[in-house]
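Produce the entire structure from the sequences given, and follow the hints as far as they go.
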Amino acid sequence: MSRPARTITLTLLLAVAAVGVASAQPRYGIVRPTTEPPEPSVTLGAELYAANCSTCHGIAGAGIRRPRPGAGDLMGEGPPLRGVGALRADFYLRMGFMPLANPHEQPTRQRPELTDKEIRSLVVYVASLGPGPAIPHPNVRWSGDRLVGAGSLAYGLKLFTDHCAGCHQIVGRGGFVTGARVPPLQGLTPTEIAEAVRTGPYLMPRFTSRQITDRQLDSIIKYVLSTRAPVNHGGWGIGNLGPIPEGMVVWWIVVPLLIGLCTLVARRMRHP
Amino acid sequence: MRLWRWVLALAALLAHRRSSGSGGGPHDGRIVPEATPSPRAEVVVAILLLIAAAFAAGFVAAYGLLGAQRLPNELLGVCLGLSLLFVAAAFVVVAKRLVVTEELEEEYPVEHPEEQEAVARIVRESGSGFTRRRMLVGAGGLAAGALGLAAITPAVSLGPIWDTGPLDESPWRRGRRLVDENDKPMLASDIEPDTFYTAFPEGADKEFIGSSVVVVRLSPSSLRLPPGRRGWAPYGIVAYSKICTHAGCAIALYRKPLFPQVEPRPELVCPCHYSTFDPATGAAVTYGPAGRPLPQLPLMVDAAGYLRAAGNFSERVGPGWWNVRRPPTFVRTPS
Chain A
1 MSRPARTITL
11 TLLLAVAAVG
21 VASAQPRYGI
31 VRPTTEPPEP
41 SVTLGAELYA
51 ANCSTCHGIA
61 GAGIRRPRPG
71 AGDLMGEGPP
81 LRGVGALRAD
91 FYLRMGFMPL
101 ANPHEQPTRQ
111 RPELTDKEIR
121 SLVVYVASLG
131 PGPAIPHPNV
141 RWSGDRLVGA
151 GSLAYGLKLF
161 TDHCAGCHQI
171 VGRGGFVTGA
181 RVPPLQGLTP
191 TEIAEAVRTG
201 PYLMPRFTSR
211 QITDRQLDSI
221 IKYVLSTRAP
231 VNHGGWGIGN
241 LGPIPEGMVV
251 WWIVVPLLIG
261 LCTLVARRMR
271 HP
Chain B
1 MRLWRWVLAL
11 AALLAHRRSS
21 GSGGGPHDGR
31 IVPEATPSPR
41 AEVVVAILLL
51 IAAAFAAGFV
61 AAYGLLGAQR
71 LPNELLGVCL
81 GLSLLFVAAA
91 FVVVAKRLVV
101 TEELEEEYPV
111 EHPEEQEAVA
121 RIVRESGSGF
131 TRRRMLVGAG
141 GLAAGALGLA
151 AITPAVSLGP
161 IWDTGPLDES
171 PWRRGRRLVD
181 ENDKPMLASD
191 IEPDTFYTAF
201 PEGADKEFIG
211 SSVVVVRLSP
221 SSLRLPPGRR
231 GWAPYGIVAY
241 SKICTHAGCA
251 IALYRKPLFP
261 QVEPRPELVC
271 PCHYSTFDPA
281 TGAAVTYGPA
291 GRPLPQLPLM
301 VDAAGYLRAA
311 GNFSERVGPG
321 WWNVRRPPTF
331 VRTPS
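In order, the protein sequence lines correspond to chains A and B. If you use this note's numbering, the first sequence corresponds to residues 1 to 272, in order. If you use this note's numbering, the second sequence corresponds to residues 1 to 335, in order.
Rather than coming from a laboratory, the hints here were simulated on the basis of the structure. There may be inaccurate statements among the hints.
[To be verified] Okay, derived cross-link-like pairs now, EDC-like style, lysine to aspartate or glutamate, Cα gap no bigger than 20 angstroms in a straight line:
1) A/K158 to B/E207
2) A/K117 to A/E47
3) B/K184 to A/D162
4) B/K96 to B/E114
5) B/K206 to A/D162
6) B/K206 to B/E169
7) B/K184 to B/D205
8) B/K206 to B/D183
9) A/K158 to B/E181
10) A/K158 to B/D180
[Unchecked claim] Below, a sample of chain A positions facing chain B; criterion: calculated Cβ distance under 8 angstroms:
11) P103
12) G166
13) W236
Virtual Cβ for every residue (Gly too), placed ideally from N, Cα, C.
This is the structure in structure tokens:
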């Protein structure tokens with residue numbers, strides 16, 4: 001073999017080997033201590049944090065402002081967690097937003113990879129990093145298929161229209177804004193809704209209790225929960241997506257039907 | 001027009017065939033029989049057209065008399081709709097009672113010079129159901145004229161006949177406090193980062209186009225305001241008109257990143273057409289159809305910590321029109 005040919009062969013072999021190694025790597029998952037205590041604890045939280053969060057959020061929640069290579073081939077980069085409190089930690093972990101595979105992606109809702117015990121431990125740990133807001137306790141809950149507790153549905157609709165519907169759509173079905181996807185709100189628990197309002201995840205503005213009081217928040221939660229099964233006066237809700245699908249139904253279904261009807265009438269008149 | 005000729009030709013042929021088929025010649029040398037005059041139908045048509053003209057005039061009057069305060073949309077719609085309805089009714093009566101109609105039953109085979117002549121005669125002779133042509137033409141002209149006038153009436157809103165001064169009025173003056181929707185004055189310390197507030201001038205009409213502003217707090221080091229706006233943003237608090245410069249919707253969205261390093265930077269967004277403005281650079285347009293930045297309101301903080309306007313907007317408020325880039329005058333304040 002000549003020298004260039006040998007170089008090319010070697011390069012190819014190396015490339016194939018590299019691909020093999022890359023695909024053989026385990027999917028980025030949760031790294032756990034070998035033995036977990038039976039109850040949630042700050043210690044377990046600290047261990048989980050060091051193994052799964054510190055690549056992006058830095059040592060003890062100091063944050064990493066300039067990208068830095070970390071575990072799992074990640075370029076670690078993330079906001080500090082001191083002072084975010086139990087509220088944001090609980091929200092981001094319960095929604096399955098964290099751990100995030102790529103810091104430049106919008107976190108999307110998925111089943112959390114951490115167990116409930118691990119989440120509690122991490123929340124306690126993150127809350128211990130600095131003073132921050134606690135997990136809210138809204139006064140709205142389901143009782144069977146009925147909503148009970150404080151708050152008024154009608155007032156909730158008004159507040160939702162004023163503060164939320166611009167992005168989340170009036171029936172909370174979500175959509176798009178420039179630079180981000182807006183998630184639908186069905187399937188959230190009252191606590192998660194309250195946490196989202198107080199956190200302002202990703203590009204959403206944060207609403208403080210000065211802007212939306214806890215009482216008002218109860219009403220908003222009541223309305224958001226009611227959008228799981230909205231009342232469709234007139235029958236067909238068309239996914240409750242608003243004027244665009246409704247217009248499509250009009251132009252693609254109703255208008256052809258009307259044209260057909262007109263044609264039929266005209267034919268009958270011509271050949272009675 | 002060609003189609004219309006064909007229709008006439010077909011009608012002529014038909015009439016010819018019918019008359020020849022019945023055995024008798026053309027009535028008194030006519031192809032089209034003399035229509036029976038119906039003066040009552042003509043009067044009805046004239047009345048309908050006059051009513052249509054009256055409603056169209058009502059549109060013009062409503063626009064001219066009431067539009068200066070608040071456009072009476074329902075009244076305008078009813079006037080225009082009824083006017084068109086009465087014109088349509090007049091046409092129906094004309095079609096049913098006054099115009100001789102022929103129905104086509106067979107295809108026209110080939111063109112013939114005699115039939116062309118017949119067409120010309122039909123055109124000459126038809127329409128003889130009218131006996132008071134001048135009255136009907138007059139009423140029709142009146143209705144058409146009034147409708148046309150109604151159609152161009154909204155153009156007076158462009159000025160200078162109408163007073164467009166209210167568009168330039170601004171309730172903001174140096175020293176006026178910012179209040180929230182419950183008329184509570186806003187403290188500078190109330191304005192937190194990562195969220196946005198809607199503020200109004202103290203004691204002014206909140207519905208007024210120049211009233212509402214959106215207030216956000218940014219870190220002072222991130223501000224890149226245009227030259228000449230030093231000191232407009234105390235503690236990094238900036239205020240912009242809430243009315244989008246594209247189509248006049250309310251700037252109802254504040255896109256605020258939790259971690260600005262990897263997420264898009266904070267921006268004000270209009271939900272109607274996604275015009276996006278960067279509050280750190282004087283609300284320059286970064287995306288969407290808006291053609292100019294949001295007007296900025298200079299702010300100051302008084303000794304008690306309340307936010308006050310330090311002057312008037314940097315530009316004219318509201319959606320674009322051709323003179324919008326003129327410097328604002330703001331000489332008047334609404335009563």
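Tested hints:
Pair hint A/K158 plus B/E207 holds up; C-alpha atoms about 18 angstroms apart against a cutoff of 20 angstroms. A C-alpha spacing of about 13 angstroms is found between A/K117 and A/E47, which places the hinted pair at or below 20 angstroms, so the restraint holds. About 18 angstroms separates the Cα atoms of B/K184 and A/D162, which keeps this hinted pair within 20 angstroms; it holds. Pair hint B/K96 plus B/E114 does not hold up; C-alpha atoms about 30 angstroms apart against a cutoff of 20 angstroms.
The suggested pairing of B/K206 with A/D162 holds, with an alpha-carbon distance near 16 angstroms, which does not exceed 20 angstroms. As the CA atoms of B/K206 and B/E169 are separated by approximately 13 angstroms, the hinted pair is consistent with the 20 angstroms bound. A hinted pair counts as satisfied when its Cα atoms are at most 20 angstroms apart, and B/K184 with B/D205 qualifies at roughly 14 angstroms. A distance of roughly 10 angstroms separates the Cα atoms of B/K206 and B/D183; the hinted pair therefore holds under the 20 angstroms criterion.
This hinted pair checks out: A/K158 and B/E181 have alpha carbons roughly 14 angstroms apart, not beyond 20 angstroms. Of the pairs offered as hints, the one joining A/K158 and B/D180 holds, with about 17 angstroms between alpha carbons and a cut-off of 20 angstroms not exceeded. Evaluation of the A/P103 hint against chain B yields a held restraint, the C-beta minimum of about 5 angstroms falling below 8 angstroms. A hinted interface residue such as A/G166 counts as satisfied when its beta carbon comes closer than 8 angstroms to some beta carbon of chain B; here the least separation is about 4 angstroms, so the hint holds.
Look at A/W236: its Cβ only gets to about 26 angstroms from chain B, farther than 8 angstroms, so that hint breaks.
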